[in-house]
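Q: Spelled out from the first residue to the last, the chains are:
2 protein chains.
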Amino acid sequence: MKELVARIRQDGKNLGNGILKVDSFINHQVDPELMDLCGQELARRFANVDATKVLTAEISGIAPALLTALPLGLPVVYARKTKPVTMPDQVYLTLAPSHTKGRMVELIISPEHLDEGDRVLIIDDFLASGATIMGLVRLAQTAGARIVGIGTLIEKTFEGGRDLLEQLGVPVESLAVITSMDEDQITFADS
Amino acid sequence: MKELVARIRQDGKNLGNGILKVDSFINHQVDPELMDLCGQELARRFANVDATKVLTAEISGIAPALLTALPLGLPVVYARKTKPVTMPDQVYLTLAPSHTKGRMVELIISPEHLDEGDRVLIIDDFLASGATIMGLVRLAQTAGARIVGIGTLIEKTFEGGRDLLEQLGVPVESLAVITSMDEDQITFADS
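Top to bottom, those sequences are chains W and A. So in the working numbering, spot 19 of the first sequence is number 19, and the numbers just go up one at a time. So in the working numbering, spot 81 of the second sequence is number 81, and the numbers just go up one at a time.
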């Protein structure tokens, strides 16, 4: 999506080791108008998958998931990383590596909000190694739900996540596709 | 706001000890249409405070803050509870008690996204003791920014947060005001 690519070119920073800093418009400060455009575009791309629910992981998945779910008229569920006191004792739980924390974190969903009738559209900010998204896939599958699509804002193809997700046989869409971050550059697929 | 009050009456659960379970539409599963209505109403109430930025805390503040900031045309900053690798070494940091975790947690903002020219509208899901919101106030004040308003979805008047916030001399608005949760009831101010 040209608006997102342009914004990454303008404000994104390559910190080295494949780390892309986008915290001025995506994951610390959020530009709601850009996020709304992204959500509308993801909603358009997944308009025909008959999803019943949008699934994401706290924290930085919440904004894109919410603004994708709004035009689709669907509820959002965000997997928690800490079990709140309001959640029942029996939950769906899996582990996924956290880039931020440098260790495994829990992803937790209450069985109250995901069940075998659900057709799940997974939305997240990044598709990198695919590990967080695969955690969400496992949670949905444990609930007996069906994955019908996976959408992200930014994909880093050099981390291989797409290969991992393609085994699922569902559409995988990313709005900005980065093929390389070598030598302080940010190279996009369409450039 | 009658739509939010009606939804709490329908789907909110009083778990005792002042704990209100709203995780089917606010803070685990989110109803984007209801959240959009709430955001529009908060935006309307704060249309005249000349805010330059909406400030909230991860995690459950993100959805209401985003949908308040969108109609206002303002950026959102959400305070992080864990410092990501993309954040500079020097940050604004304070401590606030977490109901979910039962201990103090850090609230962290990068100086890149909050400065002395900012007029800050704080938005969060709950106004209870006011402790998290006062943490956000301290962060904004440390940055030299000015608080111009505080808005929340749900206020529990019996936890006294409003008294704490009124010393700031700014408008404090809540869309659903709960005055008592005694005896398994949920009593609203307007009922």
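One thing to keep in mind: the hints can contain errors.
No copy is singled out in the list; a pair is fine if it fits within one copy or between any two copies.
Unchecked claim - Once the Cα atoms are required to be at most 30 Å apart in a straight line, the calculated DSSO-like pairs of lysine-lysine come out as:
id, residue 1, residue 2
1, Lys2, Lys13
2, Lys83, Lys21
3, Lys13, Lys83
4, Lys81, Lys13
5, Lys81, Lys21
Think of the hints as simulated: they come from the structure by calculation, not from any bench.
Q: For every hint, state whether the structure bears it out.
A: Against the structure, the hints come out as follows:
For a Cα distance limit of 30 Å, the shortest separation of Lys2 from Lys13 inside one copy, 18 Å, qualifies, whereas the shortest one across copies, 44 Å, does not. Taking CA atoms no more than 30 Å apart as the test, Lys83 paired with Lys21 passes in both settings, with 28 Å inside one copy and 13 Å between copies. Taking the shortest Cα distances, Lys13 and Lys83 sit within 30 Å of each other only across copies (17 Å), while inside one copy they are farther apart (33 Å). Proximity of Lys81 to Lys13 under the C-alpha cut-off of 30 Å is found in both arrangements, the shortest distances being 27 Å within a copy and 22 Å between copies.
In the homo-oligomer, the alpha carbons of Lys81 and Lys21 lie at most 30 Å apart both inside one protomer (22 Å) and across protomers (18 Å), since each shortest distance falls under that limit.
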